[in-house]
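J.: Okay, here's what each chain looks like letter by letter:
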Amino acid sequence: MKRFFKGRSGELAARWADLRFALYLMRRNPLVLVGSALSIFFIVLALVANLIVDPALADQFKFAQSYGWNNPLFSWGPGTASLGGKEVFYLGTDGYGRDLLKMIILAIPLDIGLAFFITLSAAAFGITIGALAGYAGGVIDEAVLRITDIFFAFPGLLLALVFAAVFGRTITNLAFAVLLVWWPTYVRLMRGQVLAEKEKTYVEALKALGAGHFRTLFRHIIPNSIYPILVQMTLDLGGVILTFSALMFLGFSPSPALPELGNLASDGIAHVFTAPWLIFFPGLTILIIALAFNLLGDGLRDVLDPRLRR
Amino acid sequence: MNDQANENETVLEIRNLKVNFHTYRGEVKALNGVDLKLRTKEVLALVGESGCGKSVTVQTLIGLLPENAFVLEGEMILNGKDLLKNTKEEMRVLRSHTLAIVFQDPMTFLNPVLTIGTQLEEVFTLQKDLLAEATTIEKSKRELKFADFIKRESFETPHKNVKASRREIKKVTKKLCADILSLVKLPDPERILKQYPFELSGGMRQRAMIAMALARRPSIFIADEITTALDVTIQAQILHLLKELRDKIDASTLMITHDLSVAAETADRIAVMYGGNVVEVTFTPDLFKKPLHPYTQMLLNAIPNIAKPTDRLESIPGTVPEMINPPFGCRFHPRCKYAMDVCTKERPKLEEVEKGHEVACYLY
Amino acid sequence: MVKFYQYIIRRLILMIFVLFGVSLIVFYLGRGFPSAFDPLAQYITPKMPPAVREQIIKEHGFDQPLAVQYFFWIRDVFNGNWGFSNWANGLPVTEVFFSRFPYTVELSIAAVILTFVIGLPLGIISALRNNKLPDHISRIIALTGYSTPAYWFGYLLQLVFFYYFALWGLPSLPSRGAISDALIGTVPAVTGIPVLDGLIAGNLNYAGDAFVHLILPAFSLAFISLGYLARIVRASMLEVLRQDYITMARSKGLKERVVIYRHALKNALIPAATLTGLFFAGLLGGALITEFVFSWPGVGRVSLLAVYQGDSNFLLLYSLTTAAIIVLANLIVDVLYVFLDPRIKY
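Protein chains in written order, with my numbering: chain E, 4 to 313; chain W, 8 to 371; chain F, 1227 to 1572.
All clues given are correct.
Chain F is faced by these chain E residues, among others (derived, beta-carbon under 8 angstroms):
#, residue
1, ARG149
2, PHE157
3, VAL275
4, PHE283
5, ILE289
6, ASN297
Rather than coming from a laboratory, the hints here were simulated on the basis of the structure.
This structure is a prediction, so every number in the text was calculated from the model and none was measured.
Cβ atoms here follow ideal geometry from the backbone N, Cα and C, with glycine treated the same way.
Make the full structure from the sequences, and use the hints.
T.: Below, the structure written as structure tokens:
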């Protein structure tokens, strides 16, 4: 451990100063603070959700009380069914008679977990390929560029839809489908960064010192290019949730009763006016989650802008 | 605004100007009590290293300080009025016809997507009285030359009474633009007006910028390191141009540079700045013959002398003071070999020691 | 100049390559895996006698390995034969697609106009009042839009402006379709775009009805992307305002308004304009979810049905058309850059 730090004290000090400056900038921006707080809240909630709400509730169907609302604080209008009984459903009940609030809480670990998994995989995959393409240049670079061109030409959801339709509705397939849509962005991003870094004089210096290609790439170039990638990843967390919840909304979930935000909302399509809470609350949750990550990512982007550093 | 300008009259006086900047790392005390006098029709060079406060002085003068800057105390008196007390709008009006500045790098200071013509015309558009007079001249079929306007302080035709159509004004403006471009020795002005900045060479762009400054018929012409970004041959051309124009215009010139040789060639007087203060001001020949301030002396020693080849170049020991916690008292004292006790206590004021020669040092 | 044309030709060749790539992927996905839907069904009607069936199978290469089938398919496409969509009353795939396309075009145009009209000022204000309250507010609006699930906002709009408005006795906006049922077919379809057709025919009632139907779905689409546009405009404005030539413009004594509109905006708008172009191209691909939510008879909604029904030829036509549009749009945008920014030369 000591040997790791020996000789790196300058580098560490510089990065520490960077971090402190970044935190200073972030403190000055209230929206970023809100975003960070919300993001942390949801991550924590994802971790403890199964402890707060009994997961078994997801399988308990009580059709007698489906599509009902009995929250005294708010009324949705004449078309909605009122529930009697002692139990108050703060967000109403869904098509299976389950408490929507509890289902939403149960859905959060799945949604957040999937978001992280897909984003990290797409990023890891894209970064590696992008870095190699940018560094190697030549034929490899051309080939990679053409392949990403093809993927970029697909309109939004279509590729994921077709993939999911062909390979069946499992969560892994869904995750892979969404990954297919997101990975090219990282390839391009990383490639751009590597191309820019490659021209810098320190790379030439490294070569003169005899550093091998892999060492140059992984120990120097990639860490220096990481900031825009981090920003992109944070922003993508929100985008990925929107994408796969949209897929589930369109009917690609493995099971219609699965507690997942998009899936819960799809239940409400036929009941837009008679049970609007079914679409409203799960959708609102997705909105807040995506907003949290977008606020954070947006703030990070401002903070990590190299030109703002003095 | 006097027609009969007295050679020794002070046009601009800066007294004890103190300007600070709020930054993440602390308060930067950029200007520490700057004293400066600019006289009518003279060329005053403001010389100093990077970070000594030359640009900040200029920014304060034209009223374009960045948002995190503020003036602690001091006065800037132009024609009897303290500029620091002006509103933003008043400063803007002043910039449109009294204060003109030419910047360092003509590539970045010209808008790449607008033609030279557009960028020059807009300067004229701000001077309604000038345009009114020009239109009158044009209508009476007399020849329209920009040079005629430079010396005039007020015009015969009050601009409210002139009725001119847009087309006439445009025509007059274009003529003035072409004329002023030939004044700065740019060939084929008609074509240049239609070109974009990137189509011109560095020297030509700088001339265009000078034209834009002249178009304002300024009382104070500020040249902020205008030759720094140019190579030596072009530098010489531009300086030559300035010398020629000098006789034609009424303005006083404030020339900012870090290059003593440029100052030597063009300036009547030189003011040396260090660490946010003016430390010495005198006539150009006197500065080189008899530098009084230790900093000036070391500066001149550091210039290699082609007549006396040596092995080592002399440099000034120490480094430029960092402005967040500058040295107390005289800011040069850590590097000064004559430093006395009093130098650490209080900043020396700029005082006239000999005829026309001012120094801020306790040695005198 | 020659280099410029060379560049364009290179890009067009690239486009053909991309189209091949896209078609390969969709073809493989569509026919290469066992699914509930037989791709053969697109070329056969139930009434055909077995002999004719055999002939068709041979004609379109269904008895050959997948790789060879691909070339049969290409030949068919060049002959204009995309087969039939059995789920859509057996209409030819091309007809199903192109009859719906104008509706998507109409919606896209409306959405782009709204996005630009709202997003641009929002971005400019954000930049000018950087880090002050208007900036924060516009940032929240922008990011909220960007984070909103498309279906959520769409249904919310319907709930409020269609359902509740009616309940409260207010004039309500239609929530489905591009034109009221009663008016369908009352105007000759010249362009296929309802508002335009109505105007051409001089039938203001029709045009007005079509326009009113556009409001909710276009706004739903615009809300999501105007935020993104505003952020881009803000970022590029801030970037431009930092430049030296802005200081120069101010030093000339120009009014701040002139500095912003004449000097800053022109530079800052370049990325915004190109982004809008690309966004429009993307929209033309059919905003699947919005069309679904509003029952908009456009290409996106139909493609959803095609996915459900396993209509691989339709999906091929759809993805190829949209891919071509996107690639062309990118090319046009890159070319436009040459004209917008005098510094760029080829």
